[in-house]
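Visitor: Plus 5 on top of the position in the sequence shown (first one is 1) and you've got the working numbering.
Just so you know, these hints were derived from the structure itself, not from any lab. Incorrect hints may appear among the rest.
Simulated DEER-style distance windows between Cβ atoms [to be verified]:
1) G41 x K100: 38 to 44 Å
2) V20 x L95: 20 to 26 Å
3) Q92 x A46: 18 to 24 Å
4) L18 x R90: 34 to 40 Å
5) Q31 x L70: 17 to 23 Å
6) R36 x A86: 24 to 30 Å
7) Y91 x W15: 40 to 46 Å
8) K100 x Q19: 54 to 60 Å
9) G23 x A46: 32 to 38 Å
10) V13 x T43: 17 to 23 Å
11) G23 x G55: 51 to 57 Å
Note that the coordinates shown come from a computational prediction; the quantities given were computed from them, not determined experimentally. Ideal placement from N, C-alpha and C gives every residue a C-beta, glycine not left out.
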Amino acid sequence: MSRAPRQVHWLRLQVPAGSTVRDVLQSSDLRSQVPGLTLDALTQGQWAVGVWGRKERLGHVLRNLDRLEIVRPLTVDPKEARRMRYQTHLQRWPKGSQRIQNKKKAPPSGA
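Could you build the full structure based on these sequences and the hints that come with them?
Guide: The structure is reproduced here in structure tokens:
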């Protein structure tokens with residue numbers, strides 16, 4: 006679960022067999038620990054839940070050792086973020102500049 010960008014919070018819970026994602030969220034204190042995490046916010050798409058990286062619904066029945074993931078919505082389009090990182094890279098290393106100076110070796114004698 007991410008409380009802020011690039012932060013992950015791990016929590017190990019034991020829940021009864023047959024528990025759903027909704028059951029876990031209602032019975033745990035996660036909602037009090039994370040500002041803005043409510044069942045309404047989840048149903049409205051302000052947050053998303055997944056199990057092992059696959060998006061799931063609140064009614065999904067959890068199995069033994071499932072990893073429940075609660076993620077914030079993206080604030081920047083991933084494509085736009087890559088473009089911005091590339092622009093930063095170009096500012097640091099303008100086109101034509103070399104990071105490492107390549108030294109040419111002298112040709113072998115007798116060639």
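Visitor: Failing hints, ascending?
Guide: Going through the list in order, the structure violates hints 2, 3, 7, 9, 11 and respects the others.
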